[in-house]
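A.B. asks: Spelled out, the chains give:
Number of protein chains: 2
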Amino acid sequence: MEYLFARRLEGMRRSTIREILKVAEQPDVISFAGGLPAPELFPVDAVRAACDRVLIREGSWALQYGPSEGYTPLREYLVEAMAQRGVACRVENVQVTSGSQQALDLLGRCFLNPGDVVLTENPTYLAAIQAFQGSEARFVPVPTDDNGLIPEALPELVAKHQPRFLYTIPNFQNPTGITMPAERRRALYETAAKLSLVIVEDDPYGLLRYTGEHVPPIKALDTEGIVIYASTFSKTIAPGLRVGWVVADRQILDKLLILKQAADLHTSSLDQRVACEFMTSCDTTAHLAQIRASYGTRYQAMDAALRALLPERYQWTHPEGGMFLWVTCPEGVDTWPLMQRAVEHKVLFVPGCDFFPEGGGDRYMRLNFSNSTPERIQEGVARLAQLLRE
Amino acid sequence: MEYLFARRLEGMRRSTIREILKVAEQPDVISFAGGLPAPELFPVDAVRAACDRVLIREGSWALQYGPSEGYTPLREYLVEAMAQRGVACRVENVQVTSGSQQALDLLGRCFLNPGDVVLTENPTYLAAIQAFQGSEARFVPVPTDDNGLIPEALPELVAKHQPRFLYTIPNFQNPTGITMPAERRRALYETAAKLSLVIVEDDPYGLLRYTGEHVPPIKALDTEGIVIYASTFSKTIAPGLRVGWVVADRQILDKLLILKQAADLHTSSLDQRVACEFMTSCDTTAHLAQIRASYGTRYQAMDAALRALLPERYQWTHPEGGMFLWVTCPEGVDTWPLMQRAVEHKVLFVPGCDFFPEGGGDRYMRLNFSNSTPERIQEGVARLAQLLRE
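Residue numbers (the numbering used here), protein chains in the order written: chain A, 1 to 390; chain B, 1 to 390.
Since the hints were derived computationally from the structure, they do not count as laboratory data.
There's no promise every hint is true.
Footprint (simulated), chain A over chain B, 3 or more residues, beta carbon under 8 Å [unchecked claim]:
| hint | stretch |
| --- | --- |
| 1 | 127-137 |
| 2 | 216-227 |
| 3 | 243-256 |
| 4 | 269-279 |
If you're wondering where the values come from, they're calculated on a predicted model, not measured in any experiment.
Even for Gly, the Cβ is constructed at its ideal location relative to N, Cα and C.
Next up, chain A with everything else stripped away, as it sits in the complex (with noise of 0.2 Å):
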């Protein structure tokens, strides 16, 4: 049988990352390739008391079908939260989604038809591309430096491309690790606003800032309606729950939750109740402090095994938070065959080039710290290191 599929599928690939992680289950082989949090850090005793409590209280009505805008509770708690990070909102404009993949997805879904524009730094998240492909994006990179998108730039990409909207991840970018002060996030705003450009600001690891001060999301400076907020606690609790939410105008929140009732009528009942009563009854500052404390570790570990072990040449981001830094090679490297080799090596990362919607990037390789203890790291960059050299 010769199956006929649609079209979005033409420009979409499966991802590198997820092959990639097949192999990083044998254990002898040291991974810097996926977006893993650190699972000994994972809440499992407190997520198994949660999950009972939450079993015990509410039966069987943790188990029915439920609000395809998400469990109030659970949007009550969250317009507390983003309280807490500047952001002002109410419960009419928080939509729960299945992690915040689902939120990239159902906001390609709201905005995008076929060959419509997305601007984006260059490069980006993986996963976004791969969701704006599911509708026929194409992308346009905006010139970005140490500080992140450089608002300058925007006019004349919205009057050439007429984008939809502008992706954005200003806190700890995946991958390169950069956050984006914050004059630079009020020039962009304004900029924005002026051009009614909509801004997607996705924020999961806003929370994982290891030295340096908070920066207010570019959401909090949102008077004008036009910054949709996403983000998610795979990095706060655990990412198996599958619970990310969106804040936004209730305008465009009217469109997702069609797409939202479309896509998977609900995020799980079980995961949301497990996620509001971890968030509202244990002591998350202790934890989200241990979480900070043990990735900037690693990251430190990392970076004094990269300066002490790569070759002449390397340079590296020095990210505040996250779990990924960026690093660019000498010219003339290739890190997609060296990705190849790493395998053999028993290290892993992520060429660069799976970052880059527009092609480019042979240079580059991202390296994830939260996933792998200081000893590892140093033992895998020892590697990586002695790959460089052969």
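Fit chain B to the known structure of chain A by using the hints.
C.D. replies: Frame of chain A; chain B shown alone:
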């Protein structure tokens, strides 16, 4: 701010049912509207115990990112479960989804370009219409009789419309409750195979038969790889877990996997493990027997009340399983305005027009009997009968 939304949203409506369900939460309202399973039959204690065992045994693995294809032991269980339904398949033929709603959404995105035709029963499942509308499908109804779709109608429809697939619910169809007999399934399959027409077989209710003999799925006949089978644990464990699955040829699942990664990375790790643990370690035979017996009793109560109380010239279907029956009102009755008045009578149903993708259906209503006790069914039908006599 005036937002520019994607074209697909023009054809998509909010679900009337999900709006009605908000009214249904008032305790003095008797709702025959939703498609809710009976919550008093949810295995709450067994699910709680399963959560506990899973988190003790697997710890952080139960909360980490997982493979997009689904949790392997669950896929292995599903291979066995499919064999019990008469379908031989392998683990590689099983894709786990976030409820069967996501299966429909992903299948739409897998096969449909804007304007492509889906063949359907008429009436058909409302949320399938919504899912396929998300891919800007057009719908062409296939003529039906009391045994479901009429295969002889297919060659002309295929020649005229080049449909990308035929969507059918052969067991206890939603909304009519009709079941397609074995010989009709064979004729349908053979006709479709000759036409190289893909069949999407949606089977959420197959295990809810309270009378008569099990009829094997169309997928059991499939030697050509043209049948895609979708089902869910929503009606056998509980819908709040959001775990469904697709069985199909590997060529199709390769594409579905790409769409699944982009849509939500994977289905909740916890929900998948809890579903697997419940199905493999609890007495599911007794549990299912209890659901079947209860739904049979409720169907009988509704059928008896309708016979006793409805005015003359009303007719309804006599399903052998599932959760719904379908009422045909006398010529001239319009159930849409009737529904507005039904709210005042504190009884709810879904007007027929919601189930006809190309319009029509004014004189029908769908009644759900799984979500009310026999006493409340009796009282609800009395309220409905009074409304119809006014």
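A.B. asks: Which of the numbered hints are not met once you compare them with the structure shown?
C.D. replies: Result: no hint breaks.
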